[in-house]
Structures are given as C-alpha cells and as structure tokens.
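Asker: Please model the complete structure; the sequences and the hints are all you need to start from.
Protein chains: 6
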Amino acid sequence: MWKDRNISTFIACESTYKEADTVLFGAPFDGTTTFRPGTRFAAEVMRMESYGLETYSPYLDRDMEDYSIFDGGDLELPFGNKEKALDAIEDAVKTILTDGKRPFMIGGEHLVSLPAIKACYEKYPDLHVIHFDAHTDLREDYMGEPLSHSSVIRRAWDFLGDGRINQFGIRSGLREEFKWAAEGHTNLTKFNLEGLKETIDSLKGKPVYLTIDLDVLDPSVFPGTGTPEPGGISFHDLQGAIKMMETLDIIGLDVVELAPHYDQSGASTAVACKTVRELLLTIQK
Amino acid sequence: MWKDRNISTFIACESTYKEADTVLFGAPFDGTTTFRPGTRFAAEVMRMESYGLETYSPYLDRDMEDYSIFDGGDLELPFGNKEKALDAIEDAVKTILTDGKRPFMIGGEHLVSLPAIKACYEKYPDLHVIHFDAHTDLREDYMGEPLSHSSVIRRAWDFLGDGRINQFGIRSGLREEFKWAAEGHTNLTKFNLEGLKETIDSLKGKPVYLTIDLDVLDPSVFPGTGTPEPGGISFHDLQGAIKMMETLDIIGLDVVELAPHYDQSGASTAVACKTVRELLLTIQK
Amino acid sequence: MWKDRNISTFIACESTYKEADTVLFGAPFDGTTTFRPGTRFAAEVMRMESYGLETYSPYLDRDMEDYSIFDGGDLELPFGNKEKALDAIEDAVKTILTDGKRPFMIGGEHLVSLPAIKACYEKYPDLHVIHFDAHTDLREDYMGEPLSHSSVIRRAWDFLGDGRINQFGIRSGLREEFKWAAEGHTNLTKFNLEGLKETIDSLKGKPVYLTIDLDVLDPSVFPGTGTPEPGGISFHDLQGAIKMMETLDIIGLDVVELAPHYDQSGASTAVACKTVRELLLTIQK
Amino acid sequence: MWKDRNISTFIACESTYKEADTVLFGAPFDGTTTFRPGTRFAAEVMRMESYGLETYSPYLDRDMEDYSIFDGGDLELPFGNKEKALDAIEDAVKTILTDGKRPFMIGGEHLVSLPAIKACYEKYPDLHVIHFDAHTDLREDYMGEPLSHSSVIRRAWDFLGDGRINQFGIRSGLREEFKWAAEGHTNLTKFNLEGLKETIDSLKGKPVYLTIDLDVLDPSVFPGTGTPEPGGISFHDLQGAIKMMETLDIIGLDVVELAPHYDQSGASTAVACKTVRELLLTIQK
Amino acid sequence: MWKDRNISTFIACESTYKEADTVLFGAPFDGTTTFRPGTRFAAEVMRMESYGLETYSPYLDRDMEDYSIFDGGDLELPFGNKEKALDAIEDAVKTILTDGKRPFMIGGEHLVSLPAIKACYEKYPDLHVIHFDAHTDLREDYMGEPLSHSSVIRRAWDFLGDGRINQFGIRSGLREEFKWAAEGHTNLTKFNLEGLKETIDSLKGKPVYLTIDLDVLDPSVFPGTGTPEPGGISFHDLQGAIKMMETLDIIGLDVVELAPHYDQSGASTAVACKTVRELLLTIQK
Amino acid sequence: MWKDRNISTFIACESTYKEADTVLFGAPFDGTTTFRPGTRFAAEVMRMESYGLETYSPYLDRDMEDYSIFDGGDLELPFGNKEKALDAIEDAVKTILTDGKRPFMIGGEHLVSLPAIKACYEKYPDLHVIHFDAHTDLREDYMGEPLSHSSVIRRAWDFLGDGRINQFGIRSGLREEFKWAAEGHTNLTKFNLEGLKETIDSLKGKPVYLTIDLDVLDPSVFPGTGTPEPGGISFHDLQGAIKMMETLDIIGLDVVELAPHYDQSGASTAVACKTVRELLLTIQK
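If you read the sequences in order, they're chains L, E, B, V, A and P.
Under this note's numbering, the first residue of the first sequence carries the number 1, and numbering increases by one thereafter.
Under this note's numbering, the first residue of the second sequence carries the number 1, and numbering increases by one thereafter.
Under this note's numbering, the first residue of the third sequence carries the number 1, and numbering increases by one thereafter.
Under this note's numbering, the first residue of the fourth sequence carries the number 1, and numbering increases by one thereafter.
Under this note's numbering, the first residue of the fifth sequence carries the number 1, and numbering increases by one thereafter.
Under this note's numbering, the first residue of the sixth sequence carries the number 1, and numbering increases by one thereafter.
No lab work stands behind these hints, which were simulated from the structure alone.
Treat each hint with caution, since some may be false.
Which copy is meant is left open, because identical chains are indistinguishable; a pair holds if it fits in one copy or across any two.
Unchecked claim - Think about it this way: if two alpha-carbon atoms lie no more than 30 angstroms apart in a straight line, the pair counts; the simulated BS3-like pairs of lysine-lysine are:
| id | residue 1 | residue 2 |
| --- | --- | --- |
| 1 | K18 | K101 |
| 2 | K94 | K179 |
| 3 | K84 | K190 |
| 4 | K197 | K243 |
| 5 | K101 | K190 |
| 6 | K84 | K197 |
Answerer: Structure, rendered in structure tokens:
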C-alpha cells in the first residue's frame, strides 16, 4: 500500500515504457473542431471506463495480460496554439518510433493524426494509410485555414501523394472532395467497407498507418461524437474489419473523435474502449 | 455586415419565397401528445443543427445549393387551442399550394399532418398518401377525442376513403386498428417496408402526400421521440426508401415527431436533418 | 372515484393475486454491481413507462387484456445485506410456485436470478436454464466473494450441474470462464443466438427457467445498463427468439440489468417494457 | 405478501379515503404550456421520490405518520381537450369538499388551479386566495385564448373579484398586468414575500385557498420547471412562509409547475416533495 | 405570411441596423478554453430561449419594446485561427462605433472581450473597464501563449495601463495574479461587489466598457459554464449592480462564458438572457 | 517524456508517500446507500475535475504547492461485502496514522467514515468528532441492519460515548433520532452552523476528526448527491466554517457523498474539489 502516487492507465496497459512494444497515449486537442468540441476529454475518460471491459477478447482469443503495453497518459498540449500542439504530437511519435516501439494515439479531433502520420512517414517513406471515417477530410482548407480537422487527410496527401491513402465508410463531404478523390488521389469507398479485404491483401508487407475516426460507426452505435452522421457501419462491421487486419504490418495507429460529453449512457465510450482493446490485441505479433 | 436582422434557416434553404419551388416550414404543435411532449421544439433545433451536415448528398449525387428552397420558419400556433392551430396549418399549406409551390412541413406531433393532407386533397382530389410510422394512428378516438395524434390517419381516411393510404413499418396499435386496416381501409405493412417498391410503381403519375413519423426508425437510431417503439427500421432502410421515391410525384410532405429534449447526444436530430436533406433533394425535378 | 389508494402496475397487469396465473414482481437489488449501480430502480420506472406501449402485440397477435397477470410491486429488500435480500427473493418465488403460479421477476442486478432459479429447481429438479447475456457470469468468485453478479450462473451450476445451462449471446468474460464452459459445464454460444432453435426443440416438455440479462442486446439498442458491451444482438433477434419459445414450458423467468439513470432518452426502458410484454404473452397457454 | 396490487402513494399518505381528512391527488395536465411542457409527470415522479424524505419535520416537530392523508393518484385527464380536463378537476375537488375533506392537488401546469379554486369558491363564497409565483398570471388572454396558464389568476378574479387575491414573489409579467393589479384588483407583492405576515393576520378565520407555483423559488433552488425565472426566493423563505401559515384556515391548496424532465439531479423534485410534506403537516389541526 | 426567410433574434431586438442605437451580436469563439469548451453556442441558444422572458422589467419599469435594438446574429469566426477571429471581432465593433451605435457582444469565451475593448479604446482613449468575474484573468501567459481567456484582462491592461480596470467578484487566480493586481495595476475586489457604488460614482461622465463573465455568479445560480467556481455572487447581487449602473456612460459591453451544454435545466441560459435584458434596458438613455 | 506510467492525482498532491504529512485517498464504497447509489465514483472524478481549480486559495492566502500532500488513489474495496470493505479502510487509516501522517479520505457513502473514526480513536482515545450533515445518521439500525450509512454516527457513538460528537446543519431524521440526540448523546445543531465557533474554541488542543457529508450544503449548491435535502447551508457558510477551523488539531478527516452521475453540470464536483482544497490548506501547520 501507498508505494506510488495514484496510477491511472487503460486497462492492462501496465508495462513500463522500457519493456513495452506498444505505447498508448492521449492527444487531448480539439482546437479546430467546427461543430461540437470536447474530444479533448476522450483519453482521460476512456482510461476510467476501460475497467468495464475484460482484458480477454473472445473474438481474437487473446488476452491483454500477455502483452507489454505502456500507457503514457495525455500529452500536455497548449490550447489555442495549433502549431505548437501539432509539433508536440510529432515529437512524441518520433521518440516512440526511434525507441523501436509502436505508437497508438487516442484523440482528440482528427487533426491530431497529421503529425503522427508525418512522423511515421519520415521513418517509413513507403507508408500507406488506411482511413475509416464518415467524412472525406479532404478539404483544401476550411474558411481559409489549411490546417483543420476537415482537411487532415488532404494535408497527409500533400506529402504521401497519390495511391497511398485508402478511405472507407465515407458518407459526407463536399461534392469537390468526392470528385478530387475520384480523380485518383485516394482510394475512397463510399458508405461501407467494401473492398477492404482486397486493400489489406495488397498492403501485405508494407508499413501501414491506421487512423479510425470513430464516427465511421453509425450514430446509433456511437452517438458520442462532435458531428454524428447517420448511415454508418455497425460495431460488427468494425470488429470484423479489425480482425481482418491481423496480417497487416501496422506501424502506428490512432482512434479519434470520441466526445464524452455527448455520451450520457457511456455506450460510446465503451465502443471506443473495446475498439482500442481489439486493436491492441490485433497488432501484437 | 449588419444588413439584415439575424436570419436562421435550415442549411442551404436560402431562396426567397418568390423564387422557391419548395417551402419548408415548422408546425410547432404538440397539444394532443399523450406520452412525452416536446416535438414543438423540433424545427427550431433542426435549423441550428442542420449545419453539422453538408449540402451535398453522396447517395443522390445532388447538392442543395443547386435548388431553390425557402425556409419560412415556424408558424405561430396557439397552444391549448387545437382547432385554431390546425386551421392555421391548413391555411399555410393552401397558400403554398395556391402559389404553385410544394409544402414541406416539419412537425410537431403527427396531428399536424391532418390539415396539410386536407389542403393537398382539396387541390388534388386524386391524392394518395404514403405513411411511415411505428404506430397505426387509426383510432376512432382517444379518450373520446376524435382529433388526436393517434387518430390522425383515421381522420385523413374520413375524407380520402379506402385504398388511398399506404402504411409502412407499423408495429404498434390496438387490435381493433389492425383489424380495421385489414378490412381494406388502408394498405398496412407491418414491421418493415416490404412492398414499398410495388406501391411506388403503382402510384406513378398520381399526386402523393408523404408523411414520415420518424419513430418508424428503431429507437437505437432515433431515440429522441415521445414514444420510442423498439423493433423499427434502420437508417439505411429509410434512406433507401427515400431514394426509391425519386419517381413519385410528391406534391406535399412532412417529417414529424422529433422531440429534441430526449436527444441528449444530438444523434436523433442529425437523423431528422439528414432525412429532410435527402427528401429535399429527392423531390426536386 | 377515490375508492382505492393509488395503484401502480405494469400495463394491463391488473388481475388479483388469486386469479392470476403469472405473478410479476420487482427485485430492486444491486448490491454487488461492480461498475455502475442503479438497476434497483428498474421495475419502478418500467411500471410508469409501460403505458407508452399498447397491450396488443402484432408480433404474436395476442393482447394482454385477455390474460390474468398480477403485479405485486417491488419486494422490500435490505440494502447492504446480500444474504437477507437473496433469502427474501427465494421466499417470494417459493410462495408463488406453491400457489401454483408462474413467477416473473424484474431485476435488479443479475444476482437476483440465483434465489429464483434455486426455488424453481427445488420444485422442478429436472430444471433447465436458458440464459441470454453479454457476459459469461461464470466466475468462481469476484475479489474473493462467491456471491456476485458475475458469478451468478456459476452458482446456479453448483446445484444444477453439467448440461442444464444454455447460454446465448455471450461476448465478454475471463479466458478461464470460456474454457470452463467449453469443458462441458454449460452450452455456451458466443456472440449471437445460433443454435437456439435446436436447444428449444431439445427442451420441449422439460421445465425451463429463462433469465434474460438485457445487456445481451447491443448498447445501441440498450444503452441503459451498468456495463454496456458493444457487439450484441438486435431487438429483432431478441423478439424472434422470444416468439420461438412459445413451445417451451417456461415455469419461471426474469429480465434483469436495466439501469434507468443511464437511459436519458427512455429508449432502453421501452425495450425492457416491450420485452416483458412479449414474454408475458409468449408464456401464456 | 401478495395481498394487493402494487400501491404507490406519496410517503406516509396511506390512509383510506374514508378516514382521511386531506386528499392528495395529481392533475397531470400541461396542455396550455407555452414554453417547455412536461409538468404532467410531476405527481407520478414525486410519489417515487418522496421516499428520499423522512416523514418527520424537524421544522414543525410533527410527523406525517400521526395524520390521516389519502393519496388518490392522478386524475385521468384527456390531453388535447382543455375544457374536459378542467371539468374533471372541478368535479374531483367538489366531491372531496362535499365529503368534508380538504383537497391538495399536485399539478400540472398552473391552469389546473382554476377549477379547484372555483369548486372551493362555490362552497366558500368568502374565499381568499394566497398565490406564490414568479409570474403575474393576470393576462386577459394568451394569443386570443382566455384559458391559459398565464391567465389563470385573472380567470379566478373573474368570479372572486377585487381584494380577494394576494400575490407574492411576482417578478415577471407584461407591463399591463402589473398596472392592472396596481389598480386594486389584486394585492401584488413584487420580488419577495414582504407583507405576508400582515396578510396572514388579516385572513385569520377566513377560508383560504393556497396556490404555490414552485417557480416562485429561484431557479438555483428549483431549476426543474418550464419557465425558469431568475431572482426568486430561497427555500428558507418558502419554508418560513409555510410555517407562518399554521394559523390560517386553508380549505384547499395546490403545488404546481414541477417539470421533472428538466431536473436531472432530482433536486427540484426533492424541493417539491419537501414543500408538500411541510404543507401537509402545517394544515393539519 | 412568407414574406421573409426565417428571422431569429433575441426577444424584442427587432429594429433595423439603421434605426438601432444598440447592436447586439454573438462572438461564437471558444478556441483557447482550457477546461470545458462550448461557449460558442451561447448566443444562438440564448436567442431561442429569450422567448421564455417578458420584454418588460419590473425591476427597472422599462420595456424593451420601447427601444431600438438590432440583433445582427453571430459573427462568422474561423475556428482554429485565434488571430483572425479576434480581428473579425475588432472590425465588427469598430464598424458599430463608427456608425454611432453601442456594441453589445455575447460571447464566447472571455478572450473575445479583448478586441472589443481595444476597438472601444481606440475611439475613447479615456476608456475605463468594469470587469465582473470569478477569475483574475491577469496571467502574463498560459503555457507560453500570451493570448488566452485567462490573460484577457492583462492584455487589455497592456494598452489601458494602470488605474483603468475595476475588477469585482474575483475568487480564483494564481498567487502572482493577485499580487500583481495589488501592486496597483487594477482595482481588484475579492469575492463580492464591495465598493462598486464608489467605483460607479467615480466613473460618472467617463466612457466605460462593461465586461461580465457570468461565472462571477455562484455555480448554484449559473452552473452552465466551463469552469464553475463555487462561492460567487447571487442573481440579486448582479441585478442590483446592473440597476446601479444606470448613471454610467457605458459605450460598449459584453456578457460571456455561458456554455449551454452544461445547462441541462436551462436555468443558466435563463440567467444569461435576463442579464442581457436588464443590461439592454439599463444602458438606454 | 514517457518516464512513468500515467499518474493521476488531485491537483498539486504530488508528494511521495514518504515525504507527505497528509495522505489523500478514495474509499469508493456505496453498498448500503438506500436511495440513489453512485458515490463510489466521487474520488476518481474529483481527481480529473480538480484541474479546473487553482492551487492558490485567496480565502486563506495559501498555496497547495507549498505543502507535501500524497494522493494514494482509491482503495480496492470488494463490492457486496460490507465487512471486508470497512476492514480495508480501517487498515489503511491505521497505516497512515502509524506512519505519522494525517489521513484525508474522500468517500464514498458516509458509512466509510466509521472505520476511519475508529482507527483514529484507537490512536487518540480522547478523540472528538465534528460532523456536518443534512441527516442525523443516528439510527439504531436500518431495516434491521446496524451497519448503514444512516447509522454511521450512532455506531461511532457506540465507542466514543456521550459528549464527543458535535453535529451541525442537521435537518432530516426520524423523530426518535432527534430525541435521542437531545438526551445528551450528541451536541446537535439543527438547520445551520450556530455555535460552531464555541465548539471549536472548546476543542482547542484536543484531537478532532472532521467528517463532512456534503449534503449539508443546500441542493442548489450541491445537487450531485444521493439524497438531496432542501434547506441546507450555502458555500459561503461552509467556506467560513473551514476557515474557522484553522485553530483546531484535526488529526483525520473526510468528505463524503458526492455522487457524480447526478451532477450533469459539474458544479457539485467543483464544490467538492474546492472544499477539499480549502480543507487541505486549513489543516496544514
């Protein structure tokens, strides 16, 4: 008793940094959210609520207690200074990669993925991205701002280029964004996960960054987000997709856009936590 | 800057009345609601929340910005005087029809559909009704009251007569109501949308009034309503049905029964807004 | 007017105890809940909200008004004394069985099923159990406590033995629990209701106790529970399963784990009420 | 066990009608509410929550268990038919008065007070009214409707006449209403309870009807109401005022305008319940 | 009917811009909020909820219908670009001042006051500020950022200098901030409004900017804010203070920090609306 | 970066155990709560929300950063086994006292105070208790159970005896409880804090245990509790009382009964956090 100050981690993420091969951390930033902010609280609330889960997955027949995962807590990010916040995330991911570990980030709004993808790309120039989302996130800018949660994938494209980005579940965007994607810039699957199997097969052996905007799920499954967009995929769809990814070489990943204040029942937080657990177990080798 | 007093419309409904071919308006009445009132706030809240949507529909490949839709705001309806409220709605719909435009009403409780259907029927005596709902709404009366949200379709039958009303998704009602419908008074499809395609085909060229009680959706999709009735259709079902209606000649329509105070997450309001957007785009010629 | 003090029952459960063949009652106990308590309020809230339903089921074409069901209200259970509370439940169920009636209990947490199953087992030594749940509930103990909501089925196995317990929809538990079940102690179906038809056929003519932990439903359908576990069955699945059970000889049953305070929209309570109605109509002969 | 169907009363109101000298009942009507409806649920929720109280008042050193109070439950009132609803209330109050008992009504919106005051006036032509409220409720009509929650006291004046109505705590109304009162029609005290002692003294020996719109309390104390109006009295003020009324001959009374859906914490319902308890104990002789 | 697109203003703010002497507008910015964001929705929600008020103030015996106030709606501000947002606010206020009108801004977070004060200062170099708040807002910077809601008054001091800023109700801040104020930079009154009368007297005839952070109120009165700080003033205190300001020459003002999503009951929004009404009536000459 | 697993403490409680003179810890037990459970989450939520405070108190002119306080997190307590839970708390407090430190416990329901008081009494046989509460907590038993949150002070009296317990703010209880106290067993002040100064003076130099049930506050100030009891003290009252206690020798203390799920706005949690901060600063020597 009383040895340590109170430690609070995502369930079963109790490895030390040194021993861990996966590093979980929160990126509590929601500064460019246009509709309803609040994703900054996601990682903190998920740590508390993750104890409603078991560490064992009957889907994967794996148990988190068999793996070495470190939870480093939330990064300290300056609100109201987007550039500094993104820089801090990029630095954190670089450190993790340099130390030979896999970064697993919990957002925050989707813009936090940009510096993470960038850091991974710098280490893995052959990087491919799998992107689950309700929204295209391909805007050139938002009210003149090039750095925004609705342009995050477009900004990643700026350095990744054509043919590297695979989008699934997309059901909302400007007409121009869908057109731009269709011109060959990204592989965009509308409404559902059709073709995911083929994409996964084609990416075998290549370094992959996986970014899951949880609003890819239908709002019935995941109401707790800033911009609920009806018509999404089910939890079964998402869980099946994760299982399918066991063969991939995921070198970095994130789960973003839980906004706990819109989740009165706690069901969305439970979905986010279970998604993280399944991902943590899937990426272990 | 500062030219006009603050204007608040449903997203992209920025035409003038004169130029519009569709007139959106709210009917904030919930005076006969037996269970949980509050639908009177629906249209007002939907205007605010509609900005979480995009104006473009990837389902229909159409954009609201290409059409002329006017949002006239909410009618002023006297609470506690059902008759005056219904008369005011009837007058509003008549004016819109007389001016050669299509009325699109946002309820309020379902009783608001009655005067709208009546006004349409007076202009189009060959009117047919498509009715999506969890509830039969075919009561002869409710505690002695003939005018009630649970008898609205029965009251429409009073003037439309047999064979004009097509009900889908129905899963709640008195035994007598189901019997009465089965005697040939309405075409009632239980539980789902089976036969919708055939109904649509048979109505080609005829004037149709479409009334969607959003509680036809499962409460998982649409909890924000006065009387949630489990076992409903999915958003995919509803969205597919709307797309199917492109061939119909819808001369008036409504979407009713969102009760925003039971929608803490905002997901139900998002469903209502997206339904309205898809309908607005589907009925355009 | 003013003949009786205010009576509050589940809708259409207005028989006297003497005339009733089914006795509905609440067991407001949640003393071993590990995550989020509050199921103690379920029965009381369900009585109020049941009036949002109709008494007629279009699924079964039966009407509650044709049957004799008594609602005895909530048992008075001492909070903070698990043993006394369980004893009181066991006594109540014994009395009902002795009087030749069928007990239908509304929980409360799942541990309340234990004394009910025990009382039924004492009258029907050939008892079989059908168990719908997200969780295995097969722990040997919880933090050293053998009596806990997460060990309730294991405790029932203590006296029922192998081959009597049929579990469906299970998607969460310790690795050991799944292993233990797979050793032949229970018939455990993971994730869904596969094989339910075969189980029902094999139990024809045998006395069956049915215990439904409502968290077997997906949290999108039923968020209002203490431990939401994503990936569950739909309401259609549950409703179909109930209908399938018409041929069974259900001699006692319960519905547990609604936690109304996590059900801001009321949709979960509506699901619980409709489940109870469908069960009440299905078990009538 | 199992003698009676489930009985649900306000705490300690367990007398039979015959033995009771006070008859508590609910009037679940909110049909003319202009802003946020929902007071129809007040009495039902208060019965459940009253068990958070004790039956003993340390303020009055009296215990409810020493008195004979009957809780007759909620009247069945037809939604959407104001006239019938008001008639039903008037009949109920007349019956109670004819039977030599004191009526204590729980609203509902404030309009329910009108038929109750009327029935009392018919038995006691010398009736005086004490009215606690944030709002004047003296409108001639509301959007042309003479019967409305915002004209209830004006309608009572129609038959009571000048000098009979004493208003306290008033802080909202039309300029005309304040003027009209100031012309001598009612004794209106703005903002607080100044002069209440004098009023009580002057009414000694006369029959008094007490109507308390709970929004007289500051919204910090009582947020759970349709039209929160900042600047009200404290609970201490209200409790002190009730105690002061021990010397009055209150022959009928009501407490109105709790809207439980706006009371997430339950604090407003607790205030309403404690107010009812203190009143019930104060009026006993 | 149907002349105009739907207009939505704060109650009785229906003047045209040209005729108005006061211009109400919203500044929906919360980009530097450190704790709980969401003040961006305040003005929009207040417009809707203001209709729960009357236009007449019995405190001031004035009626909004007698004055010419224009509601210009919310400014369009780019999220995620603090500098542009502040510039847009400064421009708006300058335009209003240039046109000889009085700006009345509804925040948003407190940082929006900075450009408004600056614009007023440029027109009125003799400007004094009265500042009601729970927090000092005097930080030199926040995590290195000089522009933040917790440094807004310090930034205003940068150009106003010593002796111009009068702070009331302050009960939270860094030790350094209190020290810095005490060195003579601002007149800071801790905990309450002591000395307000003297301050008002001393400012007679001078141009005053009034900025009210509503969290100066106790959280019991005003829970709906990002950083509730117990121990604040009552609504009576605030209302009395406003009345006292009738003699001042307020040339610009704002009311900030309502966060509607933390105001489930609506009571905080009602407080904000009534505060705005009383201010609007007080500043009219 | 990444040195430690994520540490989560109450703001500024970052000392090691060894260096600390005060040990803060949570006792997440609510197993005997009769009305609305949920206090088990209080300490965890307070740690998160405490960052909305500053570390400096302008009331006391002290800063938490100047003191050595250790936050040991929540004890692991077995739900559903009252005896083991109470034993675990007693052991924890004993250890702290043995190590020469001061225990500061955050409940949990009030019963958690019993083992803490007991452990303190064993070290300090001359112990006196100051008890702030809305409820007497002096029941001999609750439904036959001697160990219950409503008998906690009576159980403490069992070993402390007459004249050692000083109760303030009490406004709810059985008639028998008030009588029993009045017989000289405890010093009970009804409704408010009258006589606190005298009590403090009389206890100078004696070891004091302070237990604050936060429901001593009025529900307007502190709605987030299981049994809101109107008519309580204000935050100013409580803050003043704490300041008054600077002269006492408080050798152990607790703050209990925050139930975060009834605190949608977060205001109650803020009150609890600020109370803890003020207490932590007051007890430092």
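Asker: Each hint should be assessed against the structure and marked as holding or not.
Answerer: Structure-based check of each hint:
1. In this homomeric assembly, K18 and K101 come within 30 angstroms of each other (Cα to Cα) only inside a single copy, at 9 angstroms, whereas the closest approach across copies is 34 angstroms.
2. Proximity of K94 to K179 under the C-alpha cut-off of 30 angstroms is found in neither arrangement, the shortest distances being 34 angstroms within a copy and 41 angstroms between copies.
3. Taking CA atoms no more than 30 angstroms apart as the test, K84 paired with K190 passes in neither setting, with 34 angstroms inside one copy and 35 angstroms between copies.
4. Within a single copy, K197 and K243 get their C-alpha atoms as close as 11 angstroms, and across copies as close as 28 angstroms, so both meet the 30 angstroms cut-off.
5. With identical chains, the CA atoms of K101 and K190 are never at most 30 angstroms apart, being 33 angstroms at best within one copy and 34 angstroms at best between copies.
6. When the C-alpha separation of K84 and K197 is checked against a cutoff of 30 angstroms, the pair qualifies neither within a copy, at 38 angstroms, nor between copies, at 45 angstroms.
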